Structure formats: structure tokens, C-alpha cells
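Enquirer: One-letter residues, chain by chain:
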Amino acid sequence: MAWKNKRLLWLQSGGCGGCTLSLLNTEAPSLFTTLADIGIELIWHPSFAEQSLDEAMQLLQRLADGSEPLDMLCLEGAVMTGAAGRFHLLPDGQSMSTLIEQLARRAGQVIAVGTCAAYGGISAAGDNLTGATGLNHSGNHPGGLLGADFHAAGGLPVVNISGCPTHPGWVLETLALLASDSLQAADLDPLGRPRFYADKLVHHGCDKNEFYEFKASATAPGQMGCLMEHVGCKGTQAHADCNSRGWNGEGSCLTGGYPCINCTAPDFADPGHGFFSTPQVAGFPVGLPTDMPKAWFVALSTLSKSATPARVRQNAVQDRIIVPPSLPKKNKA
Amino acid sequence: MSRRILGPFNRVEGDLNITLDFADGKVSAARVTAPLFRGFERILLGREALDALAIVPRICGICSVSQSVAAAHALSSLYGINPPPNGQRVLNLIHAVENIADHLSHFYLFFMPDFARADYQQQPWHAATLARFQAQRGSAIAPMLEARALLMRFMGSLAGHWPHTLCLQPGGVTKVVSAAERVRLQQWLRSFRRYLEQHTFGQPLEAIAALDSQAALEHYRQQNPDADFACFLHIADNLQLHTLGRSYDRFIAAPAYASAEGSWSPAGVWHAGHSQPLALDAISEDSHSSWLAGDGPAAPLHNDTVPLPDKAEGYSWSKAPRLAGAAAETGALARGLLRGENLLCDMVARDGGNVLSRVVARLSEVARIVPLMEQWLAGLQLEQPFQHPCPAAPVQQQAIGLTEAARGMLGHWVTLDAGRISRYQIIAPTTWNFSPRDSQGLPGPLEKALEGVTASDPQALQVQHIVRSFDPCQVCTTH
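Sequences listed follow chains A and B, in order.
When you number the first sequence by the working numbering, it's gap-free, plus one each residue, and the end is 333.
When you number the second sequence by the working numbering, it's gap-free, plus one each residue, and the end is 812.
Honestly, the hints are just simulated from the structure, not real lab data.
Treat the numbers as computed from the prediction; the structure is a model and nothing was measured.
All residues carry an ideal CB built from backbone N, CA and C; glycine is no exception.
Honestly, I wouldn't trust all of these hints.
[Unchecked claim] Chain A is faced by these chain B residues, among others (derived, beta-carbon under 8 Å):
#1 L339
#2 G347
#3 L478
#4 T507
#5 V516
#6 Y581
#7 S596
#8 W597
#9 P640
#10 P722
#11 A726
#12 V728
#13 R756
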């Protein structure tokens, strides 16, 4: 494994900055120590760099015209292409989208951090008056700012660390793999996401699995039961390992008591229904678990509902355990 | 007259450019530009009312919970319910964690690194400041980030994750706390308190909260030269930061941290030594200098957000909120004045709002809120509910949700039509502080604060100190 210091530039455009703030949550060691350890020099970041104003602008121009090398470009936030770039202007009147494109065509590796930079995300939701788009995708479609055929100088397409927000582990592990030239095109899924987290489903490791197995469903956020049938949860379809790696120590949307809204998917912000409700046809959820034949799902859920233990059925609509699991007979009083 | 365009400002949340006009070597006029527009007020239109809870936190990665709190308050009114006491306490805990983390990020990551710049290398305090506060590398950074991440474990436990939680609902919170979880949370909070008392303050939090005059603050500084807060006070004294960045000295705040006994920090307007109630119907949005349709003052409940990128008189995507036609400053200093904190009232009586008093207000608030968090945790009645069920349909069609983000007053003005959002206007803290000129030509608070400043050095460092003293959040500003 060839380790050498890679020069990383981080830019923000049409986003909330939340992926950066989430990155700061990384633990043991903290962010800047980790970056140094994995061989990355953060040459500029809008939240952390010392250089401001003209010195920042001059650095960006040197990187854009190639007079200083750029190994890695991270973009956080969508690219604002509407109104000839007027929705995000630099102080010299140049549009941010123009600068992003120049830099992306110089950089050895280009990384979209968050669903906005990858696909447009929430910034492209609704009527998308601002022409918000991702670097290499616009929604589900290849293209975006850089075009479907784009490959960075190092040979990879844009690496899409989607998520709204991104888990700090997704970002830092991707950067560590890239810095050591250990991430190949085959390690990305068809939407450009690193497979190490995107080949898992939020459903894996979910706290509510027993309720799912017996189709013992909650009717509102905050209840213990499975949130898929009534409360909009998309954990069985969402590509991410949220329940097998903790957020902020030990959390996930599901441990927090609310549904997964599939925030790693390009179009999560326009689900076509309320975020807290599940559209149904003939009493069954429209969005079924990935890869599961519908007839089997219907058959299995009918069977499992008929076998649901009273404990699971009763706890499902409570906010805490009302009926504990029973003990083996030999332990009973 | 000469003109200078400054930007991009970094170590602020979001994007910021400033145009300065000079006369006789000093700033004669400043124009503050928020150069990024996303249009969340439009993204919300047509959605189910509760969907605001999924959309609004994504306005901002640093004030995410504050946006959720404002929406949840508006939805509580729309649905005619209120959280039970446990729900309110957990909401307060989650909100306090975000606000404290923001204050620390601002101080250690955004604000202090400016004093470590080579521009100050002739100053006697520079070597120590460079070692401790240099951007990314200073010795204070890693311990702060570790303490911050530990505090953020509250979010994993209570809110699923941060940012962008959905745990705050109109009827309370989606997470109940068990006795075992509470002792775990209490242990994390004790560890966080230890960090603050050892590194940030060098004193028990209660001693910081008890500082009740500028003389007491000065005594603290002399007695604790190694504490990070005292390091700042020493630099501030040396650079006379109390003379920098004074604005209109009209302060505005929303209620913060509600409980059955009322809010810990009250809503109000503070001006010339007196506080008055906040009259919501006196708040207007002016779009004269914004790249948005409209001109003079409009009531937020009846206003829209329509971008006009080519508008000739526009120079910012931010609107200009005004209170009865006046510009007002919001933030930790406003909250402290409205609570009647003696130290802050003393400082503002002498020198008004300025770079020093804004930073002191922020850090002393941290010292006050951690003990409050300890009380809220201890006060949870674990066997009681944390949430009331949300009715199937809203009972009101219009509501206002107000709260205090770390950086000041945040308001959501919401109108429904047949259960769906037909209008959603947001006025964020930095919309107040960094607003452009209004249709009367009145500069916004930062624009006012920059007038008269000398900015001939390459870095315009005084300008940078003033800008960052407001702890701006530009992604909230334009949303």
C-alpha cells in the first residue's frame, strides 16, 4: 500500500454544511488527527482553513489553473447551475459552478460528499428553480455538472458518498481508501456510492427487527413497533449501514424512534407521499423490501401476523417495554 | 473614495462577501452579500404539514435542531397540542447540546484562529496563541473536538443522530429515556463539564456564571491566565476589541428553553438599557436590496420568496428583517441582556454591543446552560410520557414557531391550505444581523458595525474579527 500525503481541497456550494459538521463528530481520534494519520493534507476548507479573502481566492485560482497540484477535490452541496450560475457567485463575479468544473477537471480524484453534491439532493427538490444538480448525476440520471462520461484524472468517476447527512465514517474511510489508492471502480455501486456502506441496508441490524419479523407495526413515530407498514420507514430499501455502525456513538434514525427516509437515495426529498406515512395498496405497503417478490412478502407477512406473540403485538404500539420476554420454565417462580 | 470587495469569508457557516467603500481611510459604507440561494421556502410548498420536520433541519447543518424546534413549535400550534414536561425537557437537552457545540465550534475553530495569524506575530501574546489556537493545528483543537464529540453522544442517544433528526414532533419527542440511559447521559455530561472547567474556563462553571461585572471579569482574567477564555480576554484587552464592531445596540430575542415555569431566556427587545415585549406584528421583511421580488416591508405571514437574479438594486439573496422599521441585532448577547445578566448589562452600558461583549456572552452562556442540562436530566419523570399523540389533522391554518438558535432569534411563519403548506417564511438569526439595506436605505446591523473601521491591511483583520463576532450562519440567512 503506497501511502503519501494527498492534497485535499474541500468546497461547499448548494448545501447546508451538515456533512462537514457531521464529520466533526468523528471520535478517537478527532478529525484533524485522523486526516493526518491517513495521509491527507487539507489544503483548504471553508470552515477550518486559516486563509480567507484574497489569499483563499488566489489559492483556488492556482489550483484551478493547474499551477498547484490537486490530488483530491471534495464538494459538499449541490452545484447551482440555474440563471447562468447566479444562485452562487464568487466575490469576483464568477459563478461557483464554473470554478467547481475547472477544479474537478484538474483533480486526481473527485468526491461528492452528501446527497446534494452527488445527485442534487434536497437542494434540487420541488420545482428546482435554481438548477441544482449533482457533480456526476442529476437525480437518478448520470450526467450532472460533469457529464455521464466524466472520469477524474486518476481514472475513477465521481465517488458519491451520499447521505443527508453523511456518517463521518463513510467519509473518512472513503478518503483513507482513496489516499492509499485502494478504491477501484468496482468498489462503487451503480449510483457511484462506495459499496462498503451502500451494499448494506438500513434494515440490517435494526433495533426493531423482531417487530418487523412479526409485522407488529407502530402507528406513530416513537412507538416501539416496526415503522415500515404505517410510518413511512424505508429501511428495508435504503442502502446504508446506519444500524450496524452507530451515529454519534450509538444512534440511528430507528433507535431515535423515527423512520428511515432513505436519505442516501438520489430522490429521497420528493418521496411522493408524506415522510411519516406509508402508501398502501390493498392493505400492503407499496415500497416492499429490496429484492423480495411481492407474493412472498404478502404470504409471509400474513403468516407472521398470525403467529405474532402477544408480547410483541402489545409492545409495538407502546413507547417502552410493557411486556418483557418470558423466562424459560425452569426460571419461573 | 475607494472600494474593496472582500471574500470569500471562511470560518463562517456558509458563503459571505462584503463590499467596502472608503473615505479618509475608513469604511464609509459596507454592503453585505449573501451569495448563495437554495429556496427552502419554495421547496416546502405543497407538502403535508408534518413534512416540514424532514425538510427544515436540512436548511442548516449547524443550526439543524433549531430549525426543527421552530417547525415543531409552529406544528404544535397548528395541531393544538403541547409536549408533556418530559418531551419539553428532552427537546431542551437536544437543543442545548447543539447550541453549546456551536458556541465551542465558533470560539475554537472559527474565531480564535485569526489571532494566531502571522499578521500578529509582533504581539507579545502571539507565540502562545499560535501554539494553542492555530487553525486545525493548535493544541486546543483536538481536546475540544473530543469533548464536543462526547457531548454529541447525547444526539445519538436522544435524537438518533446529529444533524438532521426527526425526533422532535409537535407532541413531544420520539425517544423515551430509561434509568440506565440517564446515568449514561449524566456521565457524559460530567466529563464534558470537566473539559470546560479544565480547559475553557479554568474555574467551576458556577464561578463563571457568577461573574457579575467587568471588574469581576478582569479579576478572573488575572487569576486564570492559562484558561482559553482568559487568553481571549487578554488579547481583547490588548487589541481593544471592545471598541470594535458596535452596531445599533438594539437587541431582539425569542424565548429559549421553555418549561412549565416559563422560558429560561425571555423574548423581548432591549434598547438603551430597557427591555420591552416583542411585538411579532411589528416584524417585517424588506426585499429592496435582495435579488427577490418585492420592495418595501411585508408581513412574513403574507410574504413570498420569488428569486429575481437580475434585479438592479439587489446585492444579496438575504432579505432585510426589520422591527417597526428598525434594524436589530440578535444572538447570545441579546439573550443575556433580556435575562438581565449583570456582567453583560455592565459591558453594554459602557461600550455597547461589540466584538468583546458578543464573545463573552456566548462563552458565559455555555457556563450557564450545562448546569441547566443537569437539572433537566435529573428532572425527567421516567415513568411519564415523552410525547402526546398527534391528532390526525391540524386544527389551525396559520402559526408562528419561534426559538433561539445559538446565533439568535429564528422564526417560522407557516400557512396551511387543506392540510398542506401553502406559505412558509423563515427569518433566521443572521438574516437579522447580516441583512442588506432596506427600502429606506437603512443598513443592516453588520453593515452598520463596519462603518468607521480601518481596513487597509491585506487581511482587513478588524473586519474579519467583527464579522466572526456575530457567529454568522449564512446558509440559514438565505435558506
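Enquirer: Would you mind marking each hint as holding or not holding in the structure?
Expert: Verification of the supplied hints:
no., hint, verdict
1, L339, "5 Å, holds"
2, G347, "7 Å, holds"
3, L478, "4 Å, holds"
4, T507, "3 Å, holds"
5, V516, "14 Å, violated"
6, Y581, "26 Å, violated"
7, S596, "25 Å, violated"
8, W597, "25 Å, violated"
9, P640, "7 Å, holds"
10, P722, "6 Å, holds"
11, A726, "12 Å, violated"
12, V728, "18 Å, violated"
13, R756, "14 Å, violated"
Consistency note: the structure conflicts with the earlier hints numbered 5, 6, 7, 8, 11, 12 and 13.
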